[in-house]
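Asker: This is what each chain is made of:
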Amino acid sequence: MFTSNAKFLIVEDSPTMRQLIAFSLKRFQNIEIIEAVDGLDALRKLAGPEKIDLILTDINMPVMDGLKLVSMVRQNAQLKTIPIIIITTAGAEEDRERGLALGANAYIAKPIQTSHLIKTISELLAV
Amino acid sequence: MSDESRAEKFLELFNKSREFTEELLRENERLRNELGALEEQNKDYATRYTEIEEQNNNLASLYVASYQLHSTLDFREVIHVVQEIIRDLIGGKSYAILLLDEKTNELQTIACDGEDQMPGVETISVRLGDGILGEVAKRGESYYLHRDDENAKPSLQRPLAAVPLKIKDQVIGVIAIYKLLVQKHAFTAVDYELFALLAAHAATAIFSAKLYSQSERKLNTIQSFLDLLTTTS
Chain A
-13 MFTSNAKFLI VEDSPTMRQL IAFSLKRFQN IEIIEAVDGL DALRKLAGPE KIDLILTDIN
47 MPVMDGLKLV SMVRQNAQLK TIPIIIITTA GAEEDRERGL ALGANAYIAK PIQTSHLIKT
107 ISELLAV
Chain B
783 MSDESRAEKF LELFNKSREF TEELLRENER LRNELGALEE QNKDYATRYT EIEEQNNNLA
843 SLYVASYQLH STLDFREVIH VVQEIIRDLI GGKSYAILLL DEKTNELQTI ACDGEDQMPG
903 VETISVRLGD GILGEVAKRG ESYYLHRDDE NAKPSLQRPL AAVPLKIKDQ VIGVIAIYKL
963 LVQKHAFTAV DYELFALLAA HAATAIFSAK LYSQSERKLN TIQSFLDLLT TTS
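As given, the protein sequences belong to chains A and B, one line each in that order.
Note that my numbering has the first sequence beginning at -13, numbered continuously upward.
Note that my numbering has the second sequence beginning at 783, numbered continuously upward.
If you're looking for bench data, these hints aren't it; they were derived computationally from the structure.
Hints may contain errors.
Partial list, computed: chain B residues near chain A (C-beta under 7 Å) [to be verified]:
1. E835
2. Q850
3. E866
4. D870
5. G873
6. L963
7. V964
8. Q965
FRET-style restraints, in silico, Cβ to Cβ [as the list claims (entries may be wrong)]:
9. A:L86 / B:R909: 46 to 54 Å
10. B:V964 / A:L110: 22 to 30 Å
11. B:A934 / A:P48: 35 to 43 Å
12. B:E975 / A:E80: 29 to 37 Å
13. A:L86 / B:E975: 27 to 35 Å
14. B:T970 / A:K12: 20 to 28 Å
15. B:S995 / A:K37: 43 to 51 Å
16. A:S57 / B:L993: 40 to 48 Å
17. A:R13 / B:T1012: 52 to 60 Å
18. A:P35 / B:A934: 52 to 60 Å
19. B:R800 / A:L110: 56 to 64 Å
20. A:E80 / B:R814: 50 to 58 Å
21. B:E821 / A:E109: 21 to 29 Å
Cut-off 27 Å, straight-line C-alpha distance, at most; resulting in silico cross-link-like pairs (DSS-like, lysine-lysine) [as the list claims (entries may be wrong)]:
22. A:K105 / B:K825
23. A:K54 / B:K966
24. B:K966 / A:K12
25. A:K54 / B:K875
26. A:K105 / A:K(-7)
27. B:K961 / B:K935
28. A:K(-7) / A:K37
29. A:K105 / B:K966
Beta carbons: idealized from backbone N, C-alpha and C, even for Gly.
Isolated chain B, as found in the complex:
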């Protein structure tokens, strides 16, 4: 074989291997792009999974809170459930549940926790329309203390959150939260959902329990009266 034909052969081989290398590089690039897209997709899935986990978590809290609120007609038990929701599900350390006395138009504490953190929380008495709590009861709209306002430290008159307990447009009371547990730094999205749930469901549960205990008392009175009539006749 002449030098010339050897050189041609070599060139041909060289060109083939160059084409092959270029093909490999293209394939490599394509696979890298595909991998990148898959990684992006994985990240999307991971984000969505976390979001769904969080939603599941929130739904579980809402379901349990709602279930427990309507699990009894005993007034004290209903109040106890509201306290459990505020403490265990929202993370409230110092709070008060106030009910509105329709005769005096005054909100008064009927249950509370964390008196050592917020002295006086156990004896709050506010007229409808007075201060933040009175305004919340009058307007039927929740109040949240803005944390970015450095001067806004919670006090007895200015809670972290005040939520009206409403049956349709009628306010029957207010929940005021003054301090959160040490491990809880701020309200989260599910807390606002729980506040909304408490506003409606706690109100109806408390109202139903009150009506039930009233009807029980009346029934007992009627029964005693009937017993008296039967024994005297």
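So here's chain A without its partners, still in its complex pose:
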């Protein structure tokens, strides 16, 4: 597990999904969950003083969608190395390819399986 507090940013407009993802992440010790309701809100939080270790983002959100967020994070010199997992209802192969091509590290289709989410995070962060 994490030796010091790792910060995970959940970007999701649905409070139900935000709570479910946060609940699933309780399996990890020493993590802090930060929540954002859309891509723009996420960028504001990424620009703050806290160093984010992982971004979990939905695609379909108001104001700024997840794909735009992934693209902007990857273009930013300070943020571009943060691992990103897309969690979305858009489960078609072309959606997956588009998300990964933009720079997401992993793509999970809803409804999520906690074990799959945990395994993906563990592999990404090597914990």
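Model the placement of chain B on the given structure of chain A, informed by the hints.
Answerer: For chain B alone, coordinates are given in the frame of chain A:
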């Protein structure tokens, strides 16, 4: 030493080494059996672990769904939560939430999604007892389309699943699911649990929110009346 005594010595040594080898073989067999039993036990543990993981996953979904349903008394927000549960937790792509109008005895769509997949889902209007949706509302029992029936393709009148929204024996509406997300091939065990949860909890949440908004409206009316009385006196 004579040849005879050498032969005896050799035989004795041979017998000892044979006994030792046999002992080793027995020990080897015993260890192999033990290893086999341990492997079986490991498999059992792995299976149980997977089952517990799945149960945890299911419980988390049920807990979150229930928590969110009762987190607000705003009617639109409650409906929005029901939609999130159908879409994000069950994987419904095209669905309708219908409420029963007690005066006309008709079920009508009050929220839906996936109109492009199932045209007409946004304007469903069914009399109590008519068709599958009307029967579900009348009997208060869920309906699931049997996937092994090749002729049974979902249609507006025949959804994949229709779940009554019930407060005790009183049905206040129906949730009809017509199409699942592309990555979701069939309902799973937890989906049926979520349907059962929606049947009861969504119904009470919707009913409470309706009562709350009605009482808010009445309170506003009374308050306005009192204000009027105070200013005129």
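Asker: Is the hint on G873 of chain B kept, meaning its closest Cβ partner in chain A is under 7 Å away?
Answerer: holds (5 Å)
Asker: Should the hint that T970 of chain B and K12 of chain A are 20 to 28 Å apart at their CB atoms be regarded as holding?
Answerer: holds (22 Å)
Asker: Double-check D870 of chain B for me: the hint is only fine if its C-beta lies closer than 7 Å to a C-beta in chain A.
Answerer: Holds - the Cβ of D870 of chain B comes within 7 Å of chain A, reaching about 5 Å at its closest.
Asker: Would you check the hint for K(-7) of chain A and K37 of chain A, treating anything up to 27 Å between C-alpha atoms as holding?
Answerer: Roughly 7 Å separates the two Cα atoms, so the pair holds.
Asker: Take the C-beta atom of E80 of chain A and the C-beta atom of R814 of chain B, compute their distance, and say whether it sits inside 50 to 58 Å.
Answerer: The hint (50 to 58 Å, Cβ to Cβ) holds, given that E80 of chain A and R814 of chain B are roughly 52 Å apart.
Asker: Tell me if the interface restraint on E866 of chain B is satisfied: Cβ within less than 7 Å of some Cβ in chain A.
Answerer: Status holds, d = 4 Å.
Asker: Assess, step by step, whether the Cα of K105 of chain A is no farther than 27 Å from the Cα of K966 of chain B, and give holds or violated.
Answerer: holds (20 Å)
Asker: For the pair E975 of chain B and E80 of chain A, does the Cβ-Cβ distance stay inside 29 to 37 Å?
Answerer: holds (32 Å)
Asker: Is the distance from the Cβ of E821 of chain B to the Cβ of E109 of chain A consistent with 21 to 29 Å?
Answerer: holds (26 Å)
Asker: Going by Cβ atoms only, is V964 of chain B closer than 7 Å to chain A?
Answerer: holds (5 Å)
Asker: Quick check: does the Cβ-Cβ distance between A934 of chain B and P48 of chain A fall within 35 to 43 Å?
Answerer: Distance hint for A934 of chain B, P48 of chain A holds at roughly 37 Å.
Asker: Taking 52 to 60 Å as the stated bounds, is the beta-carbon spacing between P35 of chain A and A934 of chain B within them?
Answerer: holds (58 Å)
Violated hints: none; the structure is consistent with every hint.
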